[in-house]
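Guided by the hints, dock chain B onto chain A, whose structure is given.
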Amino acid sequence: MTLSDQEAEPLSNASLEEIIEVMPEPDEGDLELVAGAEPKARSQFQLVVRRFLRHRAAVFSTVLFVILLFMCFGATWVAPFARNKQDLLADIAGPSRHHLFGVDQLGRDYFTEVLYAGQVSLKIGIAVGLLSTIVGFAAGAIAGYFGKSIDNLLMRFTDLFLVIPAIAVLAVALKYFGYTDVTIILVLAGLAWMGVARVVRSQVLSLREKEFVEAARASGASSWRIITRHILPNMLGPIMVNATLGIAGAIVTEATLSFLGFGVQPPKTSWGKMLSDAEGQVGGKHAFLLYFPGLMLLIVVLCVNFLGDGLRDAFDPQAKH
Amino acid sequence: MIKFIARRVLFSIPVLVISSFIVFWGIRKTFDPTAKYRTSKDAARLIAEKRKEFGLDKPIVVQWWNWATKFVRGDWGVSTSTNGKVTDMVSRALGFTVQLIFWGVVISLVIAVVSGVYSAVRQYSVADVAFTGLSYLGVAMPPFWFALLAIQFLSVEPKLHWHLAHPIVYFVGLHSTGQSGFNLDYIRHLALPVLTLTVQTVAVWSRFQRAAMLDVLSADYIRTARAKGLPRRKVIFKHALRNALLPLVSQTAVDAGALFGGLIITESIFSIPGMGRLFLAGLLAGDVNVILAWMLVGAVFVILFNLLADVVYGFLDPRIRVT
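Quick note, the sequences are listed as chains A and B, same order.
The numbering of the first sequence is the working numbering, which starts it at 7 and goes up by one.
The numbering of the second sequence is the working numbering, which starts it at 1463 and goes up by one.
Chain A with its partners taken away, still in its complex shape (with noise of 0.2 Å):
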């Protein structure tokens, strides 16, 4: 039991990668003993890397993920034909050797419509999940190092954006600001924050009390460099799992925003302004329209959920899931 409590304790004071950690028997695999060697030392960073490989499922979802963004931003280069290009003579028509993904009402490939489009979906999305992660950890580090009345303050604005529908602040938004991708990114990272908040404060509660804290506090280190080089690096995984979720949930909701209507707004295509393009093609013909843009977006849901569910494993190997 005290063995297992001394490895569980969070490494205080500098950085992970100035670190030499030997740890005696963290997870299988992770020291290779050869009799009589010394075991070779390495970096609590090292460790996470070697065990986020490990996880096949989620290095899997990484490759197709940078693959897929690779794709969409490099879609002047990817892209088999020139962006909003009209093939008069090719009418609406289904997937075939020529047009991977078909070709929609106008006569462009959709396929690199897709690709066009997945720029403006995974820009908002990893723009939202970061902004919303680095805010809600500022605002949640500070309620929980400092207590009581921000503490209080920063749960009733959580309430408050609980009843306040997301879409009347991004169309009162929009309407006010203008259409455009920063209105919508920090609407919505403004709405989820709070969610990232609420999980720093908490860890930030839990650490405040440990040792280690308390050592550094008698021997004069300031607040700031309690929460910076003590607490923060001991929240690296939480945090990091918490971004990509929050990625996740920002493609989608994006997407359904714009799919209603709320979000992103033309000439601008995103996979949910497609998805609202194509919602009259359901039942008729010419439903394949409908497939590709919410394919594109499952697809990159799962692999950054992988990628979340991985990163976790790495980070707190001995987390129950």
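Since the hints were derived computationally from the structure, they do not count as laboratory data.
C-beta atoms are modelled at their ideal positions from N, C-alpha and C, and glycine is treated no differently.
A couple of the hints might just be wrong.
[What the hints assert, rightly or not] Calculated pairs, BS3-like style, for lysine-lysine (alpha carbon to alpha carbon, straight line, at most 25 Å): (1) A:LYS91 / A:LYS291; (2) B:LYS1503 / B:LYS1532; (3) B:LYS1514 / B:LYS1547; (4) A:LYS129 / A:LYS181; (5) B:LYS1512 / B:LYS1498; (6) A:LYS181 / B:LYS1498; (7) B:LYS1532 / B:LYS1465; (8) B:LYS1520 / B:LYS1491; (9) A:LYS181 / B:LYS1491; (10) A:LYS154 / B:LYS1465; (11) B:LYS1532 / B:LYS1512; (12) B:LYS1491 / B:LYS1532; (13) B:LYS1498 / B:LYS1520; (14) A:LYS91 / A:LYS154; (15) B:LYS1465 / A:LYS291; (16) A:LYS181 / B:LYS1465; (17) A:LYS181 / A:LYS291; (18) B:LYS1520 / A:LYS181.
[As the list claims (entries may be wrong)] Simulated DEER-style distance windows between Cβ atoms: (19) A:LEU94 / B:ALA1530: 33 to 43 Å; (20) B:GLU1511 / A:PHE76: 55 to 65 Å; (21) B:ALA1592 / A:LYS291: 25 to 35 Å; (22) B:ARG1513 / A:VAL188: 44 to 54 Å.
Coordinates of chain B only, in the frame set by chain A:
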């Protein structure tokens, strides 16, 4: 207990007041309910008249105060776009949404408990792995896309394939014209919207149930029961399941409460005139009375069901009973 409930309700009032003001202010700032009169004859006079009627000539705080004092007295005003009474609109919409929530929650619960318990009892079996995979899919699946696919593959394609006069399951409304009550027609309309709702909730709830069951199964008193020689069946259903159901009960209450704000996606795709559609229509028209009424009714249900979750949990599990 009563003190606990009273305190929770009291605490939520400021949140409702402030949020209603923020939304009121936001909508008034960006939507002009007199916009539709701009093209009419004698527009200037008509708009001035209407502005007075809606109280738009007063400061925003006064406007909100007038709305709020009427609202608490039960006068929820009329919709600026349809001129219908908001109380009637909300109660009608709520009726439709409640039907969806009821069937969705009941069916989801049954599936989630059965699959969750089975997964936990036979951990890492083929079925467990399959359920896990399905729940990953269910969580990642954008609900609106699932709804569209369901229409395509479960309603339209079978109809075309077997040359039916009517699809097996419908995807518009909850009844065919001239039909009412609980009958086959109702079920055929309900199938797809409820399926859409179920897929999302089951994906989460079954995982939840599985985790709770695994937790309980590794408890000491289960080992004791097994060691005494009790049959496995009895241990699982009498000793373990009773405790493993507790977390899901409160989770269900919390989630169900959040659904009353409307299944915005489901209702708009399947053309069901419930709360979600009411909200969307209100938002598109900048209809402040409708949006606020919708929001507060939804919030009250969230608060109620959260309370219910705590009370029920305390009732079922004396260890955490609130005093």
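| What are the numbers of the hints the structure violates, in ascending order? | Structure breaks hints 2, 7, 14, 15, 16, 17, 19, 22.
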